Amino acid sequence: MNGLLLVARREVATQIRTRAFVIGLIVTGLLVAALSFAPKVLGGDGDTYKIGLVNSQQLPLHTAAPDIEFEWRKFADEPAAKQAVLDGDVDAVLVDDARVLTDGEIETELGVLMQSVNREFKLGAAGVAIPPLEMQSVGADTRYESARRGIATVLVLVLFMLIIGQVVMVAMGVVEEKGSRIVEILLSSVRPWQLLGGKIVGLGVLGMINLVVILAVGLGAAMASGLAAEFPPGIPGLVAAVLAWFVLGYAFFATLAAAFASLVSRQEEVNSVLTPLTMVIMGTYFVSFYSTNDPTGTLATVMSYIPPFSSMIMPVRMAATEVPMWQVGLSMAAMVLGVLAALAFGAKVYERAVLRTGARLKLGDVLRSR
Amino acid sequence: MLEINELRKRFAGGPDAPGGKVALDGIGFTVRPGEMYGFVGANGAGKTTTMRIVMGVLQADSGSVSWQGRPLGYDDRQRFGYMPEERGLYQKMRVAEQIEYFGRLHGMAAPVAKKATDDLLERLGLTERKGETVQALSLGNQQRVQLAVALVHDPEVLILDEPFSGLDPIAVDALATVLQERCRGGVPVIFSSHQLELVERLCDSVGIVSAGRMVATGTVEDLRAAESNTLRVVVRDPAPGWADGLPGTVTVHGDRHTLRTAGGDDQEILRRAVKAGRVEHFGVEQPTLTEIFKEAVA
Ligand SMILES: Nc1ncnc2c1ncn2[C@@H]1O[C@H](COP(=O)(O)OP(=O)(O)OP(=O)(O)O)[C@@H](O)[C@H]1O
Ligand SMILES: [Mg+2]
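Line by line, the protein sequences are chains A and B.
Under UniProt numbering, the very last position in the first sequence is 370; numbers go up by exactly one each time.
Under UniProt numbering, the very last position in the second sequence is 298; numbers go up by exactly one each time.
None of these hints come from the bench; they were simulated from the model.
Heads up, a few of these hints could be off.
[Unchecked claim] Quick list of in silico lysine to aspartate or glutamate cross-link-like pairs, EDC-like style, CA-CA up to 20 Å: (1) B:Lys115 - B:Glu181; (2) B:Lys92 - A:Glu176; (3) B:Lys92 - B:Asp76; (4) B:Lys21 - A:Asp365; (5) B:Lys92 - A:Asp91; (6) A:Lys82 - A:Glu71; (7) A:Lys50 - A:Asp77; (8) A:Lys50 - A:Glu78; (9) A:Lys50 - A:Asp91.
[Claimed, not checked] These stretches of chain B come out as covered by chain A in the derived footprint (C-beta under 8 Å, 3 or more residues): (10) 25 to 38; (11) 50 to 59; (12) 86 to 99; (13) 104 to 117.
Fair warning: this is a prediction, and the values are worked out from it, not measured in the lab.
Virtual Cβ for every residue (Gly too), placed ideally from N, Cα, C.
So that you can see chain A by itself, here it is in the shape it has in the complex:
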C-alpha cells in the first residue's frame, strides 16, 4: 500500500506544478463562473417593464408577478408622459388611475397583468376579497425543469472533459514509463498493481481537485449571481452523487486506458491504441447529452443502468429529473461490478505487457501469454 501511495504522491506532486495544470484549472474556473452569470446577464432585460405614472398610484404588480421587475416613473403631466411613451422610455403610462397610454398595442402580458391587478385592487378597496386560484399540478414537478436542464448540460460537459482528460494522462504516463524503461527499475521496487494503482489514484486525485474546484466555483458564482435561487432542492445530494460517479467512471476508463497503453512503447501510438476506448467515452457523452433533453425517455433510462455508460448518464438523469433512490443504488452497484472487472482485466494486461518493450503488442497475445 505504501508503494501505491508513494507513486500516487509523485503523480500529484509532478502534475500540480506544471503550468498546464494550473492554467487549465484557472480557465475552467473562469468558464464555469461565466456560465453561472450568463443566464442572468442575458435573460435579465426581457423581464423588466418600465411604467410611467401621471396622477396615479403604483399598482401591486410585483406581488402578482414576482418573476418580473417593474420600474416606476412619475410624470408631471400627460404630454410629458406621452412623449416618453413615443420615445420608448417607458412601456406604458397609467393616467388618473383610469387610462393606460401605450405606443400602439400593449404587450399582452403587461396588459393582462395591469387589468387584473387593477380590478383586484379596486375590488379590495371596496371590501371584496377574492381568494386567489390555487394551482395544483397533477403531472411531474416542472417548476425547476429549465434549471435542471441547465445544470445537467453543464454537468455532462464537465464530466466528459475531466474523464477524457485524466484518462489520456494515465495512458501517456504508462507509456512514458514503459518507453523509457523506468518500469524496469520501478518493478524491482514495487509491484505492478502498486505502480498501476498509484498512477490511477494520483491522476484521479488531480481530476477530483479539478471537479471540486469547478463545483465550488459554479455554486459560488450561482449564489453570487442569484441564479441559485432557481435551483431545485437537493443540490448537496447531487454534488455528492456527481463526485461518486466521477470516481467510478474514471476508475473504469483509466484502468482500461492503462491496460491498452501498456501494449505500446511510444507516445505516438497512444492515440491509436486508445481509439476503441475514446469511442466508448464519446458514445457515453452523446447519450448523456441527449438525455439532458429527454431524461425520462427509454434510451436514458436503460443506459443509466449499463456500465460504463451509467457513470455519466445516471448523474445527468439525476440532475435533469428526479430519480428514485433504488434506481440510483442499483445502477451504482452494477457500475462497481464493472469497475472491479475492469481492474482485474486491466491489471492482468498491464502486468504482462508493461515489460515487453518494442513493437505494439496484440491484446490477444498478451492474454494468452503465460
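Chain A is already provided as a structure; the job is to place chain B with the ligands on it using the hints.
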C-alpha cells in the same frame, strides 16, 4: 551468496526465426559476499538477459536464482540495486527528487532517503546539479544519476548492466571507488562491461559468456593459470640460427630477436640465449583478460 543455476531462456521468434531465439543456454555462476564479479561477453551473448532474469524483469524458462540459500523472491529484490542496460529516468523530474523517490520506493524513510541522496550526489560529483531536471543533463551525468538510483538504498546486492559505459575517466574512478567500498562492506557486485582492462583491474572473479553459455568463470588468477603462459625472451644481436630447434616463434626488430613459446625447457632456452648474445628480457608473460576472452570465445 548469490547463486545462478542453469538459466535457460528462449525468445519467441518473429517471422525470420520461427523456432524462436535461444538467448540463454544454461548460464550459471556464483557470487560470494564482498566479491566483485565481472560479466563479460560479446554483443548478444546473453549478459543483459541474465541480469534481467536475476532482477525478475524477465522470467526464465528454466533454471533458478537463489540468494543466501533460498530462492530469490520479490522481497529480496527490493533490497537489490539494479541499473538496467537501457537507462530509464523521469526526464522532467529533478535530480535529487528522483533519487530520493527511488530510495523511498525501496522503503527508506524520507529523511534517510534525503541524506543518502545528498551523500551520493557528493560522491558522484552531481551536487551542483541536484536541482536540475534530468533532461537538462549530459548523457554521462544522466548515467551518474542512474547509478545513484541503483545505489541510494544501500543495497544488499548490486546488479549493474554496463555501469561504466559513457563515463569520463574521473567518473569511472569515482564509481570504481564507490563500488569497491560497497564490496568491502560485504556486498556482492555483478557488473557487465566491454572494458576488459577495467574488469581486470577491479574484479575478483570474471564470467565469460558466449552465445548463452558460460565458457569460463572463476578468479582472474584461475583463468590465467588455465591458459598456457607464454615465455618471452629478447636477445640482442644473437648469432644467426641461435633458435634453431627451439619451440615457439622468433620475430626480429633490427638486432632485437624475440622468441615466444608456450612450451619447451625454459632452462635450455635460457642457456642457448645467453650463449647466442646479450639477453635483455627473459620472463613468463601472463595473458591479459582480453587475450583470455578472445581465446575463450573463439
Ligand atoms: N525481447 C527480446 N526478444 C527477442 N530476442 C531478444 C530479446 N532480448 C534479447 N534477445 C536476444 O537474446 C540474445 C541475448 O541478448 P542480451 O541483450 O542478453 O545480450 P548482451 O550480452 O547483453 O549484449 P550486449 O553486449 O550487446 O548488451 C540476443 O541474441 C538478443 O537478440
Ligand atoms: Mg546487454
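How the hints compare with the structure:
1. B:Lys115 - B:Glu181: holds (18 Å)
2. B:Lys92 - A:Glu176: holds (11 Å)
3. B:Lys92 - B:Asp76: Violated, at about 30 Å.
4. B:Lys21 - A:Asp365: Roughly 18 Å separates the two Cα atoms, so the pair holds.
5. B:Lys92 - A:Asp91: violated (65 Å)
6. A:Lys82 - A:Glu71: holds (17 Å)
7. A:Lys50 - A:Asp77: holds (17 Å)
8. A:Lys50 - A:Glu78: holds (16 Å)
9. A:Lys50 - A:Asp91: holds (5 Å)
10. 25 to 38: Since 0 is below three, the answer is violated.
11. 50 to 59: n = 6 at 8 Å, threshold three: holds.
12. 86 to 99: holds (count 8)
13. 104 to 117: Our answer is that it holds, as 4 residues pass the Cβ test (under 8 Å) against chain A, meeting three.
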